[in-house]
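Protein chains: 2
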Amino acid sequence: MNDMPSDSGYVPPKVWTWEKPSGGHFASINRPIAGPTHEKALPVGKHPFQLYSLATPNGVKVTVMFEELLAAGHTGAEYDAWLIRIGDGDQFGSGFVDINPNSKIPALMDRSGPEPVRVFESGSILVHLAEKFGAFLPASGPARTEVLNWLFWQMGSAPYLGGGFGHFYAYAPVKIEYAIDRFTMETKRQLDVLNRNLADRRFMAGDEISIADFAIWPWYGQLALGRQYGAGEFLDVETYEHVQRWAKEIDARPAVKRGRMVNRTFGEPSEQLHERHDASDFETKTQDKLEG
Amino acid sequence: MNDMPSDSGYVPPKVWTWEKPSGGHFASINRPIAGPTHEKALPVGKHPFQLYSLATPNGVKVTVMFEELLAAGHTGAEYDAWLIRIGDGDQFGSGFVDINPNSKIPALMDRSGPEPVRVFESGSILVHLAEKFGAFLPASGPARTEVLNWLFWQMGSAPYLGGGFGHFYAYAPVKIEYAIDRFTMETKRQLDVLNRNLADRRFMAGDEISIADFAIWPWYGQLALGRQYGAGEFLDVETYEHVQRWAKEIDARPAVKRGRMVNRTFGEPSEQLHERHDASDFETKTQDKLEG
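Just so you know, the sequences run in chain order A and B. Heads up, the first sequence is in our numbering, so the first residue is 1 and it goes up one at a time. Heads up, the second sequence is in our numbering, so the first residue is 1 and it goes up one at a time.
Keep in mind that the hints were calculated from the coordinates and are not lab data. Built from N, CA and C at the ideal position, the CB exists for glycine as well. Treat the hints loosely; a few may be bogus.
Coverage of chain A stretches by chain B, computed from C-beta distances (three or more under 8 Å per stretch; other residues unrestricted) [to be verified]:
#: 1; region: 7 to 15
#: 2; region: 78 to 86
#: 3; region: 170 to 183
#: 4; region: 229 to 242
Listed next, with one range per pair, are the computed distances between beta-carbon atoms [claimed, not checked]:
#: 5; chain 1: A; residue 1: Ala-170; chain 2: B; residue 2: Glu-241; range: 48 to 58 Å
#: 6; chain 1: A; residue 1: Ser-94; chain 2: B; residue 2: Glu-131; range: 30 to 40 Å
#: 7; chain 1: A; residue 1: Phe-266; chain 2: B; residue 2: His-242; range: 11 to 21 Å
#: 8; chain 1: A; residue 1: His-242; chain 2: B; residue 2: Asn-30; range: 16 to 26 Å
#: 9; chain 1: A; residue 1: Ala-71; chain 2: B; residue 2: Gly-35; range: 45 to 55 Å
#: 10; chain 1: B; residue 1: Ala-199; chain 2: A; residue 2: Glu-241; range: 46 to 56 Å
#: 11; chain 1: A; residue 1: Pro-269; chain 2: B; residue 2: Lys-248; range: 49 to 59 Å
#: 12; chain 1: A; residue 1: Val-44; chain 2: B; residue 2: Thr-37; range: 33 to 43 Å
#: 13; chain 1: B; residue 1: Glu-249; chain 2: A; residue 2: Ala-170; range: 40 to 50 Å
Isolated chain A (complex conformation):
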């Protein structure tokens, strides 16, 4: 079908070549090739877990998980969180690529065992930590399956929200009606999927909070709270009443508040903890806020 001229007048070439930046926010960090662009070792702190991340929704999933594990008494979940500035290309440094060959945050090095283990993709990190500590994911049975159903739902769905809706609504250099309509429709459908599920459940997979909530809330919970892409009114997020109730309940959890602050480089300075190396780091920030 590609030799048929379209309304736009654009006919794709026989072979695509990388001729120009495609433009828009984040254009400078998008490339058609993988691998490192420069040699750079990563810092290593004192804790068993070394996290290299940024407080995007995918990053927040993992810092919320660590803070929830610590709040639940899993003292082995102490972590150093190092800032990866994706706008500066930190994710293309050789040390980072060794952990995550996909050059995306978050990336984790688990140094709690005899050999360091690399863990990449936020969903994989959540499962890895949940299994290590026996927390927020049942070990077996239907309850485990239901948590994983929703965790994988998030992984397969959020690209339509972030890489689709968010990009074309907020970041692309030109407003393309077809693309905005396409991804808006899908985003609203996804919000409705969540709303129906939460109509008779407290949390995504049942009565207990789980890694499914930690994965879904940073994207769809924060979207419902009007924090993503300035799109709350456009998506009419207030109409998803069960998502609203759930989003607010999770938002109020102290561990979630802490998790949101880690590796954060935007918003109020008092809410930005660029690196996290100790539980007391949050107290310092709280003190700043009280004195600020």
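Using the hints, position chain B against chain A.
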């Protein structure tokens, strides 16, 4: 930024409303709301596993998994595969939505235990079956983590290939250069990520085939073999030499050949097994082919 007119002349409204089909292939099945559109119970066969699916890449992941389990001697993995015609809206029937509230194939009902367990999202189905049979996913340790890293990589990456590149290159009613460029660049980057990983590994997570391969091959392996979107030349897939080697090795596996046939409604009639209820169903098809 949305009150600033863009080059396109399109300014998004304050609140999006569903006014018209967005057009293009699959337009009729895209909606901004979830839930069932009609009452319809699903058929149930004799085997422990009831699969409701279609031979898209996400469907093929699961039928390959079942066929590989059976080939490896896991006789408990017998399954009935029922056809879900997404163009006809079968995924919006009440019985299907009860299994997968997201109305996407594949959906699985595991009837091997005391209570039926619903499993949705292809990644979740792969993990569920792998853990049930202790196959294609190590039970613990770094090898398990590496398989899950790549499994989650697939879940988070393929929407850019299927919902992004495939849609704008092959299915959208108009060729939008910006969108095609954006998703082509990302698709080629993903192919390069795989190519680099496979440069010194036989399979995605190491020396052993795993659910990571079963997840990635139907999308990226078949893309590399020129079977997706007629885009082989456009993406210059031949240049990803390690992906080529891996894609061909997996393509040659008898269980993969069988898995590709199940719930298939396109291509050669002799390769279409609309429903699968018994191992002998494939033999009948082979006989058709020899006689055809």
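Evaluation of the provided hints:
1. 7 to 15: Coverage by chain B holds here, the residue count being 8 at a Cβ distance below 8 Å.
2. 78 to 86: violated (count 0)
3. 170 to 183: holds (count 12)
4. 229 to 242: holds (count 5)
5. Ala-170(A) / Glu-241(B): 48 to 58 Å: Since Ala-170(A) and Glu-241(B) have Cβ atoms about 38 Å apart, the given range 48 to 58 Å is violated.
6. Ser-94(A) / Glu-131(B): 30 to 40 Å: holds (35 Å)
7. Phe-266(A) / His-242(B): 11 to 21 Å: violated (39 Å)
8. His-242(A) / Asn-30(B): 16 to 26 Å: holds (23 Å)
9. Ala-71(A) / Gly-35(B): 45 to 55 Å: Violated, since Ala-71(A) and Gly-35(B) (Cβ atoms, about 35 Å apart) do not stay within the stated range.
10. Ala-199(B) / Glu-241(A): 46 to 56 Å: holds (51 Å)
11. Pro-269(A) / Lys-248(B): 49 to 59 Å: Holds, since Pro-269(A) and Lys-248(B) (Cβ atoms, about 55 Å apart) stay within the stated range.
12. Val-44(A) / Thr-37(B): 33 to 43 Å: With a Cβ separation near 54 Å, Val-44(A) and Thr-37(B) fall outside 33 to 43 Å, so the hint is violated.
13. Glu-249(B) / Ala-170(A): 40 to 50 Å: Holds - the Cβ-Cβ distance for Glu-249(B) and Ala-170(A), about 42 Å, lies within 40 to 50 Å.
Violated hints for the displayed structure, listed by number in ascending order: 2, 5, 7, 9 and 12.
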